[in-house]
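Chemist: In the order they appear, the protein sequences are chains A and B. The first sequence begins at 1 in the numbering used here and counts up one residue at a time. The second sequence begins at 1 in the numbering used here and counts up one residue at a time.
A few of these clues could be false.
[As the list claims (entries may be wrong)] Label-pair ranges, simulated between beta-carbon atoms:
1. Ala-33(A) - Gly-272(B): 25 to 35 Å
2. Val-116(B) - Gly-58(A): 28 to 38 Å
3. Ala-183(A) - Arg-256(B): 31 to 41 Å
4. Ala-31(B) - Gln-326(A): 50 to 60 Å
5. Arg-108(A) - Ala-31(B): 27 to 37 Å
6. Asn-251(A) - Ala-31(B): 21 to 31 Å
7. Leu-50(B) - Thr-289(A): 41 to 51 Å
8. Lys-247(A) - Asp-102(B): 35 to 45 Å
[As the list claims (entries may be wrong)] Derived coverage of chain B by chain A (criterion: at least 3 residues anywhere in the stretch with Cβ under 8 Å from a Cβ of chain A; other residues may be distant):
9. 7-15
10. 234-240
11. 275-287
12. 324-335
Hints were generated in silico from the structure; no laboratory data involved. Cβ atoms here follow ideal geometry from the backbone N, Cα and C, with glycine treated the same way.
2 protein chains.
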Amino acid sequence: MVYTELSTFSGYWLPKLEAELCALLSNDEPAVACHYDMMRYHLGWLDEQLRPHDFPAGKRVRPLFCLLACAEVGGDPAQALPAAAALELLHNFSLIHDDIEDGDAMRRHRPTVWKVWGMPQAINVGDGMFTLAYTAMQRLACRGVAAETTLMALDLFTQACQALTEGQHLDMKFEACPEVKVAEYMRMIEGKTAALAGASIAIGALVGGATPQQVSALHCFGRSVGCVFQIQDDILGIWGDPKVTGKAVGNDLLRRKKSLPILHALHHPQIGAQFADLLAAAPEPEQLTSVLALLEQAETRAFAEAQLQRQHEIGLSALTEALGEQGADSALLAFATGLLHRQA
Amino acid sequence: MVYTELSTFSGYWLPKLEAELCALLSNDEPAVACHYDMMRYHLGWLDEQLRPHDFPAGKRVRPLFCLLACAEVGGDPAQALPAAAALELLHNFSLIHDDIEDGDAMRRHRPTVWKVWGMPQAINVGDGMFTLAYTAMQRLACRGVAAETTLMALDLFTQACQALTEGQHLDMKFEACPEVKVAEYMRMIEGKTAALAGASIAIGALVGGATPQQVSALHCFGRSVGCVFQIQDDILGIWGDPKVTGKAVGNDLLRRKKSLPILHALHHPQIGAQFADLLAAAPEPEQLTSVLALLEQAETRAFAEAQLQRQHEIGLSALTEALGEQGADSALLAFATGLLHRQA
Numbered sequence: 001m002v003y004t005e006l007s008t009f010s011g012y013w014l015p016k017l018e019a020e021l022c023a024l025l026s027n028d029e030p031a032v033a034c035h036y037d038m039m040r041y042h043l044g045w046l047d048e049q050l051r052p053h054d055f056p057a058g059k060r061v062r063p064l065f066c067l068l069a070c071a072e073v074g075g076d077p078a079q080a081l082p083a084a085a086a087l088e089l090l091h092n093f094s095l096i097h098d099d100i101e102d103g104d105a106m107r108r109h110r111p112t113v114w115k116v117w118g119m120p121q122a123i124n125v126g127d128g129m130f131t132l133a134y135t136a137m138q139r140l141a142c143r144g145v146a147a148e149t150t151l152m153a154l155d156l157f158t159q160a161c162q163a164l165t166e167g168q169h170l171d172m173k174f175e176a177c178p179e180v181k182v183a184e185y186m187r188m189i190e191g192k193t194a195a196l197a198g199a200s201i202a203i204g205a206l207v208g209g210a211t212p213q214q215v216s217a218l219h220c221f222g223r224s225v226g227c228v229f230q231i232q233d234d235i236l237g238i239w240g241d242p243k244v245t246g247k248a249v250g251n252d253l254l255r256r257k258k259s260l261p262i263l264h265a266l267h268h269p270q271i272g273a274q275f276a277d278l279l280a281a282a283p284e285p286e287q288l289t290s291v292l293a294l295l296e297q298a299e300t301r302a303f304a305e306a307q308l309q310r311q312h313e314i315g316l317s318a319l320t321e322a323l324g325e326q327g328a329d330s331a332l333l334a335f336a337t338g339l340l341h342r343q344a
Numbered sequence: 001m002v003y004t005e006l007s008t009f010s011g012y013w014l015p016k017l018e019a020e021l022c023a024l025l026s027n028d029e030p031a032v033a034c035h036y037d038m039m040r041y042h043l044g045w046l047d048e049q050l051r052p053h054d055f056p057a058g059k060r061v062r063p064l065f066c067l068l069a070c071a072e073v074g075g076d077p078a079q080a081l082p083a084a085a086a087l088e089l090l091h092n093f094s095l096i097h098d099d100i101e102d103g104d105a106m107r108r109h110r111p112t113v114w115k116v117w118g119m120p121q122a123i124n125v126g127d128g129m130f131t132l133a134y135t136a137m138q139r140l141a142c143r144g145v146a147a148e149t150t151l152m153a154l155d156l157f158t159q160a161c162q163a164l165t166e167g168q169h170l171d172m173k174f175e176a177c178p179e180v181k182v183a184e185y186m187r188m189i190e191g192k193t194a195a196l197a198g199a200s201i202a203i204g205a206l207v208g209g210a211t212p213q214q215v216s217a218l219h220c221f222g223r224s225v226g227c228v229f230q231i232q233d234d235i236l237g238i239w240g241d242p243k244v245t246g247k248a249v250g251n252d253l254l255r256r257k258k259s260l261p262i263l264h265a266l267h268h269p270q271i272g273a274q275f276a277d278l279l280a281a282a283p284e285p286e287q288l289t290s291v292l293a294l295l296e297q298a299e300t301r302a303f304a305e306a307q308l309q310r311q312h313e314i315g316l317s318a319l320t321e322a323l324g325e326q327g328a329d330s331a332l333l334a335f336a337t338g339l340l341h342r343q344a
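Bound-form chain A, shown alone (with noise of 0.2 Å):
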């Protein structure tokens, strides 16, 4: 496959995808409409007044790979809809979660959940979701997919269910912590980002019927492009464009947040000491140059890029291995790398 048919099979599932989550969000008893409609705001369907709207929806990237790994492997994409809707509907319950824990008033330019409703009701919506991406993951044994299958999918689902709270509890750790290693963030990021995309893939091809050998190769390129991923947005969040980002250059430098390139610097044996004295006291705008100065000498950009081409060969031999010579072509991999040299 190349990207004309990528865009084609997205222009042909999206829209059965969103189908699959209206109908897994509709309710008809009005008691509790509200709680329903909350979910429908954050997936960008109804406005703050909850009057129908339709406001820019995510990438479905996690939907997408489940349906292309199903295919991919001969499978017919209708029997993953339901699973690819629970993985859409966990990624947006961890992101009403983790919005609230971040103290994050606005997400995709609209106030976030909690900051409309309260938390309270926002922490109980997230839960909702949360359960309704179950609902929507045991719907696959009535789209023909055999119990034992469908239990061997839920199995994957909550393995990554399980990574990604280990993987937001590490991000909470490291915030309050003066020391974190390299190591430390890439298993965090390892549950927080990359086993989700792991588990979408995995997931994928199981229900589209491959062998056990290849569903465990897709689900390591799955998790190596959700590194590759990560260590992208890092390298953009320092070095990205800003007329295509829609951030201030260096925006991760000003925010002090802890991603790849900086926990570099930070430990990096000439420019550590003087780069953390510069992130301490919170550089201004002005400071920028004189940064990323520093982050030059110690070759943190080449550092992270180096990473990101580990994780991309690692990736690209676990594909070989699950679909051949096959997976060079596979619309898989064009989907992967077009989110490799995203610029925003």
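Starting from the known structure of chain A, arrange chain B on it as the hints suggest.
Modeler: Okay, now just chain B, sitting in the frame of chain A:
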């Protein structure tokens, strides 16, 4: 089975349940140990400094219902242990989040998780425990339960989770709501209390090999038991003996809690307005006598007890439908009746 057998049953199975819970929460990775330690703290196994301790545990009502139902239909409770553990974890996850949502600083005479480790970590600890509840449920398939039966049990479990978040949504909505009808209150406790009691018994019966008709009737019995339990709680919240409950006389009146008796009095055609005035002014302990006299005049206690009796009868009839004559002698009924006759 008679009551002495019930205590034999608990004495035999509760330690096995604790072992199952313990295994589910075990984790060998030091990086995320604290995530699981906070769960162990909540369950009473560790103190605030994360040192081993043995605080009084919860009553394990839901796991016992599950194991008893399994035994009652002729099944082996060992097979239902993962589900029993899942139900306890689900209940405890909901307590962790409820404590944040309600701002409660104490639970079982100890500071709540959010009070010790802060709200962001506590939300995530709850999410982690919710996930472990599913890990537990999925273990049914490893204990010889057929894949199709495990999926049916998961369906019952997820339906209960959904009802739980709907009930919690209503509970929070009612707090900010001047007018709550008795029927709305009953809908709330069906979600918040009855659904999980119903699922506990239905899942135990399903795993134990009950017919679909038995599962359905026992589900109904469990929901009634949950309602009876909550209404009894509401009655004790006003008329309970302070020496037994450990709470002040008329505790719910002083806290202006929207419980069943209070809603009945608020809607009473004769005393409603006067009662509302007294309650709105936040009654002092010395005004309690006149508030209680109003409730007497409105026959509020008799109303609540009639509701309780009604639920009790629905439950008994469902139990007879499920178990026939054997129902009247069942340990399930003995356990449910014990909960009904509790004084605290």
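Chemist: Take the hints in turn and mark each one as holding or not.
Modeler: These are the hints, each one checked on the structure:
{"no.": "1", "hint": "Ala-33(A) - Gly-272(B): 25 to 35 Å", "verdict": "holds (28 Å)"}
{"no.": "2", "hint": "Val-116(B) - Gly-58(A): 28 to 38 Å", "verdict": "holds (34 Å)"}
{"no.": "3", "hint": "Ala-183(A) - Arg-256(B): 31 to 41 Å", "verdict": "violated (53 Å)"}
{"no.": "4", "hint": "Ala-31(B) - Gln-326(A): 50 to 60 Å", "verdict": "violated (37 Å)"}
{"no.": "5", "hint": "Arg-108(A) - Ala-31(B): 27 to 37 Å", "verdict": "holds (31 Å)"}
{"no.": "6", "hint": "Asn-251(A) - Ala-31(B): 21 to 31 Å", "verdict": "holds (28 Å)"}
{"no.": "7", "hint": "Leu-50(B) - Thr-289(A): 41 to 51 Å", "verdict": "holds (46 Å)"}
{"no.": "8", "hint": "Lys-247(A) - Asp-102(B): 35 to 45 Å", "verdict": "holds (38 Å)"}
{"no.": "9", "hint": "7-15", "verdict": "violated (count 0)"}
{"no.": "10", "hint": "234-240", "verdict": "violated (count 0)"}
{"no.": "11", "hint": "275-287", "verdict": "violated (count 0)"}
{"no.": "12", "hint": "324-335", "verdict": "violated (count 0)"}
When held up to the earlier numbered hints, the structure conflicts with 3, 4, 9, 10, 11 and 12 and fits the remainder.
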